[in-house]
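S.K.: Spelled out from the first residue to the last, the chains are:
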Amino acid sequence: MLKTIGKKYGFYIVIVLFWLLMTLLGNAGMLTSHFSSLLVPMTYYAIAAVALNLCVGILGELSIGHAGFMCIGAFSGAIFSLLTKEVLPGGLRFFLAFVVGIAFAALFGFLIGIPVLRLKGDYLAIVTLAFGEIIKNVLQAVYLGVDAQGVHLSLDMTTFRMEPDGLTLIKGAQGVSGTPRNSSFTVGIIVLLLTLFLVHHLMDSRDGRAIMAIRDNRIAAEATGIHVTRYKMLAFTISAAIAGAAGVLFSHNVTTMTNISNYFNYNASIMLLVYVVLGGIGNINGSVIAAMILYLLPELMRGLNRYRMLIYAIVLILMMLVNWAPGVQERRRRLKAFLKTRLTRAGKEA
Amino acid sequence: MAMLSVDHLSISFGGLAAVYNFSMEIEKGALYGLIGPNGAGKTTVFNLLTGVYQPKEGIIRLDGQDITGLPPARISHAGIARTFQNIRLFQGLSVIDNVKVGLHESFPYGTLAGVLRLPSYRKQEKAIDDRATELLKIFDLDGQRDLLAANLPYGAQRKLEIARAIATKPKLLLLDEPAAGMNPGETTELMNTIRLIREEFDLTILLIEHDMQLVSGICEELTVLNFGRMLAQGRTKDVLKDPEVIRAYLGE
Ligand SMILES: Nc1ncnc2c1ncn2[C@@H]1O[C@H](COP(=O)(O)OP(=O)(O)OP(=O)(O)O)[C@@H](O)[C@H]1O
Ligand SMILES: [Mg+2]
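Sequences listed follow chains A and B, in order. Here the first sequence is numbered in our numbering, starting from 21 and rising by one per residue. Here the second sequence is numbered in our numbering, starting from 448 and rising by one per residue.
Note that these hints are calculated values from the structure, not bench results. Just so it is clear, CB atoms sit at the ideal spot from N, CA and C, and this is done for glycine as well. It cannot be assumed that every hint is accurate.
Residues from chain A that face chain B, not an exhaustive set, calculated with beta carbons under 7 angstroms [claimed, not checked]:
(1) Gly-195
(2) Gly-198
(3) His-220
(4) Met-223
(5) Ala-230
(6) Arg-238
(7) Ala-240
Among chain B residues calculated to face chain A with C-beta under 7 angstroms, some are [said to hold, decoys possible]:
(8) Thr-497
(9) Ser-523
(10) Phe-537
(11) Gln-538
(12) Gly-539
(13) Asp-544
(14) Lys-547
(15) Gly-549
(16) Gly-561
(17) Leu-565
(18) Asp-576
Turn these sequences into a full structure, and let the hints guide you.
M.R.: Written as structure tokens, this is what we have:
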């Protein structure tokens, strides 16, 4: 009994304990403000890494534009919050911002999936790469606002004229400002837990089996009666939606969202991919651990400026070895088996 | 009415007529063999029947229903299941999950029910587990249920493919060289299993096989293919005595 609970919910418990520890340390004033500021980004990168692993590891389709879905979620959620800042109470507004951000990211995932996922081959990588770059560049160039006369949309600052009482939503390269800072470490952890719950339960259902069957052997999956396109669409749309949720956390963690290309460019997508690969492709919990360690590490080593990237590289290599080297895997398996017999023996004696 | 009726089926690849003018009728409950030398077009016939390839000409009817040109998943729903000559398991899934994928259509609870673990999920997953376990038992695989399919020995992988195929509740089961790579003992066991599942699941079976012990042992009727064309068709005894067939197999 205890063992099945441990197996099923062990990782959730670890995350909750981590949250508790950080919160207690924070309240006791034992965390530097720099470290505290890293906690929310750590959660949204972990969430985005889980989203990407659902696409890459579970569905088996390479995407190198997941930062683009984060970007969609970030902007649509922020714009919703700006528009409803005066009318809705904070908690409800933030909740609805998630709904909006997730819905928009899912919509874009769905629209990209329709033409691409019915093709056989690695077209998704190319298309998502292009999508990520386009969306970021468009959102950096766009001017969007509302006033008494309605909605204004322009790509040119000089033609963007608003009434004095108007509300500017996106101001070109200056981005979005005035978003309420609703994100917190606690909310981030809750969204992360919900994400893990969703993905694990999905994987452990008939839909999840269908998705993984397609990954393992498309032809056999079809012959077994699996509607391949439908399940690819389902997995990819959910993956995009989760990345959107990460984006909502992002945009509500800063009052001004400028320089978005630093956060949502090609490099960001690759960084997510690094988290996924090092955490183990298809290993959802591994993505969370990898994202947390690899995000915090370089940030915490800012003091060691000169050696920072060196240490980072060494950690990358070590993680790769731990997760992928056959020898180490074998040893890990043996250690696990050993611990298991020990535990069951201890359990019997007790 | 025949369970499967194939009428003048043809397909070619870059000018090569891989299958030409192929016709056959298989009665319900039959155990039917498709044989021929390497490259004769046997697997291509399976790929045509299961929608992997679209025929250039011809009609395929299953239990009276025209299934020509349907996509593979729809053909599976219509009632044809198959195994593959080069085994195609879901290697990253456990043995039992491979069978559970085959039960996908029979237990159609929704995505939300699955994620939220609604009662329909619990009830149907229980039934899925029971059913999959039963199927594994028939093939003596229940001891390895949690093993990764990729880690099964070769012979067991072939059996698992059959179990997965049967899980889809087919009317017609296509087996592409089920005894390939098995020793004579395993082959005999397989023959018994094939007979057993035909009775138990009320199946019609069409199988491709090179092993003549198996073919003459269990097939009631045969079609012989050679260079994409039908060489002979009829009762196993008669076909195996046909001089043309003997020549095709032994060479001039
Ligand atoms: N997709 C394809 N593209 C091109 N040629 C093909 C294709 N599929 C089959 N062929 C050709 O069709 C012919 C028949 O192949 P098929 O696999 O059906 O033979 P087979 O009777 O199953 O042989 P074996 O006993 O070796 O399995 C071969 O010449 C093969 O090269
Ligand atoms: Mg063949």
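S.K.: For each hint, tell me whether it holds in the structure or not.
M.R.: Comparing the hints with the structure gives:
For Gly-195(A), the suggested interface contact is broken, since its CB lies about 35 angstroms from the closest CB of chain B, more than 7 angstroms. Look at Gly-198(A): its Cβ only gets to about 35 angstroms from chain B, farther than 7 angstroms, so that hint breaks. Of the supplied interface hints, the one on His-220(A) is violated, with its beta-carbon coming no nearer than about 9 angstroms to a beta-carbon of chain B, more than 7 angstroms. Below 7 angstroms, beta-carbon pairs count as interface contacts, and Met-223(A) has none with chain B, the closest being about 10 angstroms; its hint is therefore violated.
The criterion of a C-beta within 7 angstroms of any C-beta in chain B is met by Ala-230(A), whose closest approach is roughly 6 angstroms, and the hint holds. Interface restraint check for Arg-238(A): the shortest CB-CB distance to chain B comes to about 9 angstroms, outside 7 angstroms, so the restraint is violated. Hint on Ala-240(A) holds. Least Cβ distance to chain B is approximately 4 angstroms, under the 7 angstroms limit. For Thr-497(B), the shortest C-beta to C-beta distance to chain A is roughly 6 angstroms, which falls under 7 angstroms, so the interface hint holds.
Taking 7 angstroms as the C-beta cut-off, the interface hint given for Ser-523(B) holds, the closest approach to chain A being about 4 angstroms. At its closest, the beta carbon of Phe-537(B) sits 4 angstroms from a beta carbon of chain A; the interface hint therefore holds under the 7 angstroms criterion. For Gln-538(B), the shortest C-beta to C-beta distance to chain A is roughly 5 angstroms, which falls under 7 angstroms, so the interface hint holds. For Gly-539(B), the interface hint holds, since its Cβ comes within 7 angstroms of a Cβ in chain A; the closest pair sits about 5 angstroms apart.
Taken as an interface hint, Asp-544(B) checks out: its beta carbon lies about 6 angstroms from the nearest beta carbon of chain A, inside 7 angstroms. Because the closest C-beta pair between Lys-547(B) and chain A is about 6 angstroms apart, less than 7 angstroms, the hint holds. The beta carbon of Gly-549(B) comes within 5 angstroms of a beta carbon in chain A, closer than 7 angstroms, and the hint placing it at the interface holds. A least Cβ separation of about 3 angstroms between Gly-561(B) and chain A falls short of the 7 angstroms threshold, and the interface hint therefore holds.
Taking 7 angstroms as the C-beta contact cut-off toward chain A, the hint placing Leu-565(B) at the interface is violated, the least distance being around 11 angstroms. The beta carbon of Asp-576(B) is not positioned within 7 angstroms of any beta carbon in chain A (closest approach about 12 angstroms), and the interface hint is therefore violated.
Figure legend: structure checked against the earlier numbered hints; hints not met, in rising order: 1, 2, 3, 4, 6, 17, 18.
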